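A.B. asks: Okay, here's what each chain looks like letter by letter:
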Amino acid sequence: MNLDSKIPAGPLAEKWDRHKFSCKLVNPSNKRKYDVIIVGTGLAGASAAASLAELGYNVKTFCFQDSPRRAHSIAAQGGINAAKNYRNDGDSVYRLFYDTVKGGDYRAREANVHRLAQVSVNIIDQCVAQGVPFAREYGGLLDNRSFGGAQVSRTFYAKGQTGQQLLLGAYSALNRMVGEGKVQSYTRHEMLELVMVDGQARGIIARDMVTGEIQRHSAHAVVLATGGYGNVFYLSTYARGSNSTAIWRSHKKGAYFGNPCFTQIHPTCIPVSGDHQSKLTLMSESLRNDGRIWVPKQKGDTRKPADIPEDDRDYYLERRYPSFGNLVPRDIASRAAKDMCDKGYGVGKTGLAVYLDFSDAIRRMGEKTVESKYGNLFDMYKQITGDNPYQTPMMIYPAVHYTMGGLWVDYNLMTTIPGLYATGEANFSDHGANRLGASALMQGLADGYFVLPYTIGDYLADIERKPIANDSPEFMEAEKVVKERLSKLLSIKGNKTVHQFHRELGLIMWNHCGMGRNEVGLKEGIEKIRGLRDEFWKNLLVPGSDLELNQNLEKAGRVADFLELGELMMVDALHRNESCGGHFREEYQTPENEALRDDENFAYVAAWEYKGDGQPHQLHKENLVFENVKLTQRSYK
Amino acid sequence: MTKFFEFLNSSVGRKWLMALTGLFLSLFLIVHVSGNLQLFKNDGGMAFNQYSVFMTTFPPIKIVSYLLHATILLHALNGFYLVIRNQKARPVKYASKKDTRSTSWASRNMGILGTVLMIFIVTHMINFWYQYKFGAMNWKTYVVEATTGKVVKEDMIPAADAATQNLQPVTMDYMGNTIIICKDLYAVVAEAFKNPAVVAFYVISMLALSYHLLHGFQSAFQTMGIRRKKFEGVIKGIGTFIFAILIPALFAAMPIFFLFVHK
Amino acid sequence: MSGNMNLTLKVWRQKNVKESGRFETYTAKNISPDMSFLEMLDEVNEDLIKGGKDPIAFDHDCREGICGMCSMYINGRAHGPVKGVTACQLHMRSFVDGDTITIEPWRAAAFPVLRDLVVDRTSFERIQQAGGYVSVNTGSAPDANAIPVPKDNADEAFNSAACIGCGACVAACVNSSAMLFLSAKVSQYALLPQGRVEAKRRVANMLKAHDDAGFGACTNTEACEAECPKGISVTNIGRLNREFAAASISGE
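Line by line, the protein sequences are chains A, B and C. Start counting the first sequence at 1; every next residue gets the next number (our numbering). Start counting the second sequence at 1; every next residue gets the next number (our numbering). Start counting the third sequence at 1; every next residue gets the next number (our numbering).
Hints are computed from structural coordinates only; laboratory data are not their basis. Misleading hints may appear alongside valid ones.
Said to hold, decoys possible - DSSO-like, lysine-lysine: derived pairs with alpha carbons at most 30 Å apart:
| hint | chain 1 | residue 1 | chain 2 | residue 2 |
| --- | --- | --- | --- | --- |
| 1 | A | Lys382 | C | Lys15 |
| 2 | A | Lys6 | A | Lys373 |
| 3 | A | Lys253 | A | Lys299 |
| 4 | A | Lys611 | A | Lys6 |
| 5 | A | Lys349 | A | Lys299 |
| 6 | A | Lys31 | A | Lys6 |
| 7 | A | Lys496 | A | Lys466 |
| 8 | A | Lys182 | C | Lys53 |
| 9 | C | Lys18 | A | Lys493 |
| 10 | B | Lys88 | B | Lys3 |
| 11 | A | Lys493 | C | Lys200 |
| 12 | C | Lys83 | A | Lys368 |
| 13 | A | Lys466 | A | Lys488 |
| 14 | B | Lys98 | C | Lys18 |
| 15 | C | Lys200 | B | Lys88 |
| 16 | B | Lys97 | C | Lys18 |
| 17 | C | Lys200 | B | Lys229 |
| 18 | C | Lys83 | B | Lys230 |
| 19 | C | Lys200 | B | Lys3 |
| 20 | C | Lys83 | A | Lys496 |
| 21 | A | Lys480 | C | Lys83 |
| 22 | C | Lys10 | B | Lys88 |
| 23 | B | Lys98 | C | Lys50 |
| 24 | B | Lys229 | A | Lys368 |
| 25 | C | Lys53 | B | Lys97 |
| 26 | A | Lys493 | A | Lys466 |
| 27 | B | Lys93 | C | Lys10 |
| 28 | A | Lys483 | C | Lys53 |
| 29 | A | Lys621 | A | Lys20 |
| 30 | A | Lys349 | A | Lys480 |
| 31 | A | Lys555 | C | Lys53 |
| 32 | A | Lys373 | C | Lys15 |
| 33 | C | Lys29 | A | Lys382 |
| 34 | A | Lys373 | B | Lys230 |
| 35 | B | Lys230 | C | Lys200 |
| 36 | B | Lys93 | C | Lys18 |
| 37 | C | Lys200 | B | Lys97 |
| 38 | A | Lys304 | A | Lys253 |
| 39 | C | Lys151 | B | Lys97 |
Every value quoted in this text rests on a predicted model; they were computed, and no experiment measured them.
Go ahead and model the full structure; you've got the sequences and the hints to work with.
C.D. replies: So, in C-alpha cells, the structure goes:
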C-alpha cells in the first residue's frame, strides 16, 4: 500500500483554507444519522467529542478513568502556545510554524505544522469563551510567558495547571453535550479491540471495568485520542493508567505506526529515589525561565550546593548555548544533563541529577515574586523530596514525558484504516522528532476543536446513513478474541506479577532505547524484550477473575501490548541511522556531541506495517518535502 | 409559587430558612435578655411584672410573639429535617475516629444543641409562660409615689381572690400616687429558682445556647453569603462576644442570682 | 535500609457494590519513608498477589496530585494526615515505625463503594452535566482579548477552578455534602463575564443535581476547606448561596 498523506496543493498558507473548502459536507439533518466513537477523553478526545456533538453527530466517548476530566492532559503544567502576538514581540503564525518545524528537528510535515500554527489563535479564543481562567494582567488582558525553543513570549498559562484548566474547559463543553443527550459518556470502560467491517473501522470492543462485561459498540467512524505510550518505560511522567492498547490493537488491525522511536525525555523532573518508585514527577519547564541549571566543576564534589562558590559551578547550558541558555529545547537540555552525569559531574545520592537553582532569581525578584510564579511547583517538590527549594537548589533529572511517534495519519488525521482517526498524542503528530514546550496542549485541542470536525465529514459524507449492526460476524469474532485473550492472561497462573514484568521491560527500554541509543545496545535490547515477552506468556500471575473490577487484569493486557510495542520502538530506532530530536544515536553526533541528522537518507516518516505475529514489520516511507523551511543543523548557540 | 417552594426545599434554601429564622431568634434574645435584666432590680419585682404586662398585652408585641412561636417551630422542624436528611447522606459510617481538629465541636453538634434548647424552651414556657397565661397566680398591688418614684406600699392578692374578682392588670393615678395591679410573675421566678435542680438545668441550657450561637450566628451570615473576608472578623466577633458569651451569661446569671443572692 | 518501617494496616475490603464489606488487617514490612502512600500499597498488593490473595483495589492515576482519582480516608482524614495534598502525594515519612493505619473508602450515599477503596463518583459528573459549562459552540468565540477580565476576578476564578474533583470535601463533611465542589464550579463561572450570562440557570440546575444525587446539606463546619487538597475556600459556598438566592428571587 502506498502512503498518501493527502497534503493539499497550493501555497503553504492557503492549504488549510483550500482544503476546508474542498472537504465534503454532511447535511445538518443527516449528521444525526452518523455515530462516532471517541476513545480517550483528554484534550484531543473531549474537544473532538464536544465539537462533533455540537455539529449534530451522535457521539460515544470512552475513558478508563471514572471521569473524562481525569485524562492525563490534566497534568500539563506550563502552558499552551498560540501565535497571537499580543506581546508585539515579532510573533506570527509563520514564526510559530517555523519554530515548531525547527524544534522538531525537521522531521514533521510542513503542511500539518502550519495548520497547527494557524488554528492556535482560535484555540485561545475558544478556551477563554468557555471560562478557562488564564493568567491576566492588571489591564484585564491575557498574560504570556516564554518557553523553551522560542525567542518570543507566546505561551498562555493558568498558573502551574494549564492542562487541568484547558481540559476542564473541553470537559465542560463535553458535559454540555452529555446533558443535551448528544454524547453518551462511558467511564471506567476500556477499549480492547478495534472492529473492522469490509476493511473499514466500524466499532470497538470495550470492557466495563467494574462488572467485567464485554460490550460491542458500533459506529460509522472511530477516533482514537488515547494519548502516548511512554509508559512502556515503566518510569515516566505519564499517569499510571496511560497505555497503548487502543493504538496497538488498531495497529495490529492495519493502522501503520509512525516514528515509534521518537520519544521525548523531559529535562526537569524529580530524580528517582529508590526501587519502590512508581512514577516520575515533572516540574514545569517554565522553571527554566528563572532557574539556572548547573553542576559542580569538580567531579564528585560533595560540598553542599550553597557552599560551592560561583567559580566552582558550571552553568553548562549557559556555557554551551549562550543565546538560548537555559531555554534550549527539551531534547538538548535532557541530553546535556545526561552528558554531564555520564561524565561524572552529577549530584545527589545516585549521581543522576543536576541542580536547578533559584537563588539568583530570589535575589533579583524577591522570594515573594518567585513564590507567586512558582509557589505550587516548589511546594510539590518539597512534598515529594522533603527539601525546601527556597533554601537549597532543586535536583532534577530527565524523564520520559511524551511520545512524538504514534499512529500514522494523513492530513485528515485518518490512519491507514479507513474510518479510523487518531488525534492528539496518539498520532505520530506534528512535532517531528522533538516537541516544543506548550505545544502538546495546542496540538490536542487543534485536532479536536478545529481539524477533525472538518475532516471527518469528508469521510462520513460517502458512508451509507444507516446504523451499523453490532452483531455482525466481525463483531462477534472480535468479542471472542477479546474474551480469549483475557482468559489466557488469567489462566497462566505463573509466579511473576504484571508489575514485575512491567518494571523489567521499563529497565530494558531505558537502558537500550533511552536518551542515548546505539546499534549494539538496540540489538541486545530487542533480544531481551523477546525473552521477556516469552516469559510473560508463560509465567504471569494475575489474581481474580474477569467478571469483576480487576486492576491487575487491566494492567496485564496493557503490559502485553507494551511488550510488543517496545520491540517495534527498538526496531525503528535501530533502522534510523541518524540522530534527530529525541532520537540520539551515539554513532551519529557532531564533534560537539550534538545530534547529527542525515537529511539525505532519513528525511522521511517511518510508517511500520504489522505483518503478523512473529513476522518482521514492514517499513513504509513518507518522504518529507520541505518547500518553505531550509534544513539546517539546529543551532541554539 | 412552585419556584418558591423549590427554593425552600433545596438544600441551600433550607439553609437560608435556618439562617433567617435563627437570626430572628437571635434578635429576640436581645429583647428578651434586656427585658429580663429587670429581675435584678431591687423593687419587689415591680418593673419586671410591669414589663410582663406590656409584653402580653401590647397588640404589636402580641403579633410578634405569635411570629416568634412560629419561627421557633420552623427553625426546629427544619433543623430536624436537615439532620435526618444529612444522616441519610452517609448510610455507612466511618470506622476510624474522625480527626476533628479542623472543625469546631459546636458546628458538628448543632442538632444535639438544638434539641437541648428545644427541651429547654418547652420547659421554660411551661414554667413561666403557661403559668402566666393560664395558671393560678398571685397578684400584686404596688403604690408608687409619683414625685419620687418610690414604692411606698406593696400588697399581695392571693390567686383565689384575684380569680373571683376577675382582676385585670391596671396602672392608674390616684391622689398623687400611681397604683399598679398586676400578676406577680416575679415571685414565680424567684420561687422557681430557689430549686438548685432548676437552676442547674437553666445554666446547662444556657451553655448549650452559647455553643449553638457560637456556630449559629456566624454560620447564618455564611449561609447568606455575607460572611466575606472583609466582614468575617466583625461577624465572628459579634457572634462570639455578644451572642455566645454575653447573652447566655446574662441569662444564666438570673437563676444563679435568685439561688444565691436574692432573699 | 535504615529508617524503614513496619506498619499495620486495617483496610476496608468489599467485593462489589452489592456485597457488604469488612476490615482486614495486613502488615506492611520494610517501608521506606521516601515512598508515597500509594507505593506502599503497591508493595502490600504485590505480597498479597504472591500469597494467592486478592490485592486491594484503589483508584489512582496521575500520582502527582492533579487528576483527583485517588480517594481514601486515612486515619480519620480524607487523603491522610498532611494538609493540602492528595493520597498519592502523601509520603510515608509522615508515619512512624509501628503505626497502625486505618484505610477506608469515601463514605457517602452518593458515592457507592464499587470495590474495596474504589467508589463511584458519577454523581459529580451529573452535577456538571446539569450546568457546569458556558454554552459556547466551537468556532463561535470572539477574540480572547475582546472582553477584559479584572485580574482579581480572573485569579479568584482560577482559585475556584483549581478543584480536582476528588471528593475529599464530601468525604470529610459530616453531612456528606458536596457544597464545596459545587460552589467551586459555580463560582468559577460566576466570577467571569463569560459565565455570567447563564449564571441563574446554572446555579439552579446544578444545585438540583446535587440534591438529587443524595448529598447532604451544608452546616458550615468547614471541614471541607480544611481537607481539600487544593485549598478551595468556603467563600465559594457563600457565593453559591448568594447566587442561588438571587437566582430564585429574580427568576420567573
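A.B. asks: Could you run down the list of hints and mark each one as holding or not?
C.D. replies: Do the hints match the structure? See the list:
no.	hint	verdict
1	A:Lys382 <-> C:Lys15	37 Å, violated
2	A:Lys6 <-> A:Lys373	44 Å, violated
3	A:Lys253 <-> A:Lys299	52 Å, violated
4	A:Lys611 <-> A:Lys6	24 Å, holds
5	A:Lys349 <-> A:Lys299	14 Å, holds
6	A:Lys31 <-> A:Lys6	24 Å, holds
7	A:Lys496 <-> A:Lys466	48 Å, violated
8	A:Lys182 <-> C:Lys53	43 Å, violated
9	C:Lys18 <-> A:Lys493	28 Å, holds
10	B:Lys88 <-> B:Lys3	25 Å, holds
11	A:Lys493 <-> C:Lys200	58 Å, violated
12	C:Lys83 <-> A:Lys368	22 Å, holds
13	A:Lys466 <-> A:Lys488	36 Å, violated
14	B:Lys98 <-> C:Lys18	26 Å, holds
15	C:Lys200 <-> B:Lys88	29 Å, holds
16	B:Lys97 <-> C:Lys18	25 Å, holds
17	C:Lys200 <-> B:Lys229	24 Å, holds
18	C:Lys83 <-> B:Lys230	25 Å, holds
19	C:Lys200 <-> B:Lys3	13 Å, holds
20	C:Lys83 <-> A:Lys496	37 Å, violated
21	A:Lys480 <-> C:Lys83	49 Å, violated
22	C:Lys10 <-> B:Lys88	26 Å, holds
23	B:Lys98 <-> C:Lys50	34 Å, violated
24	B:Lys229 <-> A:Lys368	22 Å, holds
25	C:Lys53 <-> B:Lys97	28 Å, holds
26	A:Lys493 <-> A:Lys466	45 Å, violated
27	B:Lys93 <-> C:Lys10	16 Å, holds
28	A:Lys483 <-> C:Lys53	23 Å, holds
29	A:Lys621 <-> A:Lys20	26 Å, holds
30	A:Lys349 <-> A:Lys480	51 Å, violated
31	A:Lys555 <-> C:Lys53	17 Å, holds
32	A:Lys373 <-> C:Lys15	46 Å, violated
33	C:Lys29 <-> A:Lys382	26 Å, holds
34	A:Lys373 <-> B:Lys230	26 Å, holds
35	B:Lys230 <-> C:Lys200	25 Å, holds
36	B:Lys93 <-> C:Lys18	17 Å, holds
37	C:Lys200 <-> B:Lys97	40 Å, violated
38	A:Lys304 <-> A:Lys253	56 Å, violated
39	C:Lys151 <-> B:Lys97	43 Å, violated
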